[in-house]
Structures are given as structure tokens and as C-alpha cells.
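Student: On the provided structure of chain A, position chain B as indicated by the hints.
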Amino acid sequence: MSYLPYVVAAWICLVGIAGIATSRNLIHLAICLTVTQSSTYVLLLSVGYVKHGTAPIFKGTPLGTTAVDPVVQALTLTDVVVSVAVMGLILALALDAHRLSGTVDPDGIADISG
Amino acid sequence: MSRGARIAILMPGLAGLGSLFAWAIAGMPAFGDYRGPYGFVLNRVVVPLRHTTNVVMGTNFDVRAVDTMGEEFILYAAIVGVTLLLRDDARSQQAERHTKRFPNDAVRLVGVVMIGGGLLVALWLQAFGYITPGGGFQGGVLFAGAILLLYLVGNHRDYRPFRNERVLDPVEGLGAGGYIVVGLAALVSGAAFLTNLFGNGKTGTLLSGGSIALLNWASAIAVTVAMIILFAEFLETYTAPLEAEDAGS
Chain A
1 MSYLPYVVAA WICLVGIAGI ATSRNLIHLA ICLTVTQSST YVLLLSVGYV KHGTAPIFKG
61 TPLGTTAVDP VVQALTLTDV VVSVAVMGLI LALALDAHRL SGTVDPDGIA DISG
Chain B
1 MSRGARIAIL MPGLAGLGSL FAWAIAGMPA FGDYRGPYGF VLNRVVVPLR HTTNVVMGTN
61 FDVRAVDTMG EEFILYAAIV GVTLLLRDDA RSQQAERHTK RFPNDAVRLV GVVMIGGGLL
121 VALWLQAFGY ITPGGGFQGG VLFAGAILLL YLVGNHRDYR PFRNERVLDP VEGLGAGGYI
181 VVGLAALVSG AAFLTNLFGN GKTGTLLSGG SIALLNWASA IAVTVAMIIL FAEFLETYTA
241 PLEAEDAGS
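Residue numbers (the numbering used here), protein chains in the order written: chain A, 1 to 114; chain B, 1 to 249.
Read the hints as simulated data drawn from the structure, not as lab findings.
In this text the structure is predicted, and so the values were computed from the model without any measurement.
Quick reminder that beta carbons are idealized off the backbone N, C-alpha and C, glycines included.
Warning: the hint list may mix true and false statements.
[What the hints assert, rightly or not] Not the full set, but computed from the structure, chain B residues with beta-carbon under 8 Å of chain A: (1) G39; (2) T53; (3) I79; (4) G81; (5) L86; (6) D88; (7) N104; (8) G135; (9) F137; (10) G201; (11) G204; (12) T205.
[As the list claims (entries may be wrong)] Away from chain B, derived, C-beta distances all over 12 Å, residues of chain A: (13) H28; (14) V35; (15) G102.
Only chain A is shown next, with the shape it has when bound in the complex (with noise of 0.2 Å):
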């Protein structure tokens, strides 16, 4: 059991990287990449924790009780905000892509380029 977590990211990394190849729309397209990065979240924040660590912040608990790493939470917050913004980009795209193609399709974009 002591494997589980990143067992559990790398399955959802594999799922998502299905679901963008398999994908009929690209709004799917887009969430089907967000589970693909979540996994990321999964697999930075199972590799820094420590058995019975508390949270890296030191208000209230004395400096020196075992905490978790910081350094993948550091990581972990500014890419889940990033990710948003990203996403926001990539829906941007897609709601143009429609507006010329008349469809979110990715296989019936790909037919009408040029």
C-alpha cells in the first residue's frame, strides 16, 4: 500500500493522455489535459510527504516538528493557478476554432485547414 499514491498518479496520467488522443471535442480535449496535469499535483505532493509530518507552517507549531516538504507545495499551488489561466487560453482557442469550423470536432477541424 505504501506505493499507492504514485501508482494513483501514474494511472491518471496514462487516463488522461487516453482520453486527449480518443477525444471528440475539444472541450473534452482541454479537461482530458487537466486530469493529465492534476496527476502531476498527485505525484509532487506524495513524493515530498513525510510520515506523521503537519503542514510546512510553523504559526502556532513549534520550528522543528517534522513537517512535510515545502519545496512541492511551492510547485503544487502557483501550477493548480497557472493551470486555470492555461485552460482559459486553450477554451479561448477552441471557441475560436468553432467560430471558423463550425464544429469542436478535432478530426473535422483537421479537414477543413488551409
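Tutor: Same frame as chain A, but now just chain B:
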């Protein structure tokens, strides 16, 4: 490429990637068996060195401040992209005439309470980000979300003043540029880019952390405004066609 062919290529690829993952996981230390050293070192040194009790924020805005600057500019670039793709002055004028209100009083009452509460919690997360759990990034998203509730309880006209691009665009620039200015201030003082300035202050107070407080506010402003712009551009894209339908019927 046909769908069948794509799946035929995908499956061996996924199987290969899955095996690589399995190999990697087999060689990793067990969950909870963290070996460091960076996490342990930071948890020991950040509070004594910088007097900020939230080590995550101390890491974000001091130890890896240059990285965070990069992340902030990914956000900035994404918002510029959304604006370029969706902003349309003619359409936003049209959307302004959309005045229908949501008719349910209960929704409006709860919404108004949630706007107040949301803004307060957001300001607390932003202001005390480097002391207690929170920070400019998280508080910024919550702040923009509270403003977005205005659209739910009111209408587009109520929301419009909060998304005036003549105000928002410069403020977004202030947030993103402010981060650079704090970094350059360190260069001017003779230290390396983004070196912490202004002394450490008293541990666990708003005056602790030196530059961390300024960088926290710069990113809070940048994220708040970025999210407001993001929501507003999408809202206008969706309200304008509705308005056109109303006019036609």
C-alpha cells in the same frame, strides 16, 4: 489519421509509458519515507532566516522567487492570449445592454452574503499569506470568484464596472511589473536579482519577511486581475449571443 489507427498507435505507447512508470515507482522510496534534503533544510532555516512562518510562501517568494516569476508570466501570457482571442469592443458594448436579473430572491440574498464573506476571506488569505496558510495566488482566485458572484446575483451591468479594461489592464501590468521592480530594486542595491531586502521584521507578523510581503502582494494583484479578466472575457462572449436572440424574438 483514422480513429482506429490512432488508437492502434496509442495503445503500445500507453503500455510503454505505463511500464516506465512501474519501473520508476519500483525504484522510489515508499510513500512517507521522504529523504530530503531540501524540505528538511527549508523547514529548519526559512523561519529563522526570514521570520515568515509559512515556509511554503517563504519558498515561493524567496528561495525560488525567480521560478515564481516565471510562473506568474505564464499566467500573464495566457491572459494576454485569451484577451487577444476573445476581446471585441463592439460585442462588449452590446453585452452591456443585457439587463435581465436573476429572479430568485433567496439566490440573491445568499449571493450578496457570499460576496462579502468571499472578499474578506480572500483579503485575509492574501494579506496573511506568508504567516498562515494562504498566499497571493490562492487569495487572488478567491477574490476574483467573489467578484464573479456579482454576475449571479445581479446582471451584466452590475458586473461591468469591475471589469473595465481601462482600469484592469494597467493594474494587471502593475502586479506583473511590480514583481520585476522588487527584483530590480535588489540589483540597484548591489545584491543579486530578487535578493530579499528591507530586513526580516518580527516573526509571525505582517511586517516579517522583507521582500516576501511585497512579492506576495504583487502576485496577489496579478492573479486577482488576471482571473477577473479571464472570467469577464468568457462572460461577454456568452452574454452577447443571448442578447442578440432576445432582440430577435
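Student: Does T205(B) pass the interface check with chain A, least Cβ-Cβ distance below 8 Å?
Tutor: violated, 10 Å
Student: Measuring from the C-beta of G39(B) to each C-beta in chain A, is the shortest one below 8 Å?
Tutor: Holds, about 3 Å.
Student: Quick one, is the G201(B) hint okay against chain A at 8 Å, beta carbons?
Tutor: Check failed: Cβ of G201(B) comes no nearer than 14 Å to chain A, outside 8 Å.
Student: Could you check that no beta carbon of chain B comes within 12 Å of the beta carbon of G102(A)?
Tutor: holds, 15 Å
Student: Would the hint on G81(B) be counted as holding, given a Cβ-Cβ threshold of 8 Å to chain A?
Tutor: holds, 5 Å
Student: The hint names F137(B) as touching chain A; please verify it with the least Cβ-Cβ distance against 8 Å.
Tutor: Hint on F137(B): holds, closest Cβ of chain A at ~5 Å, below 8 Å.
Student: When the nearest CB of chain A is found for G135(B), is that gap smaller than 8 Å?
Tutor: Interface hint status for G135(B): holds (7 Å vs cutoff 8 Å).
Student: Minimum Cβ distance from L86(B) to chain A below 8 Å?
Tutor: holds, 5 Å
Student: Taking the shortest Cβ-to-Cβ distance between V35(A) and chain B, state whether it exceeds 12 Å.
Tutor: holds, 14 Å
Student: Is the Cβ of H28(A) more than 12 Å away from each Cβ in chain B?
Tutor: H28(A) is indeed farther than 12 Å from all Cβ atoms of chain B, at 14 Å.
Student: Against chain A, with CB atoms and a cut of 8 Å, does the hint on D88(B) hold up?
Tutor: violated, 11 Å
Student: Have a go at the T53(B) hint: is there a Cβ in chain A nearer than 8 Å to its own Cβ?
Tutor: holds, 4 Å
The structure shown violates the earlier hints numbered 6, 7, 10 and 12.
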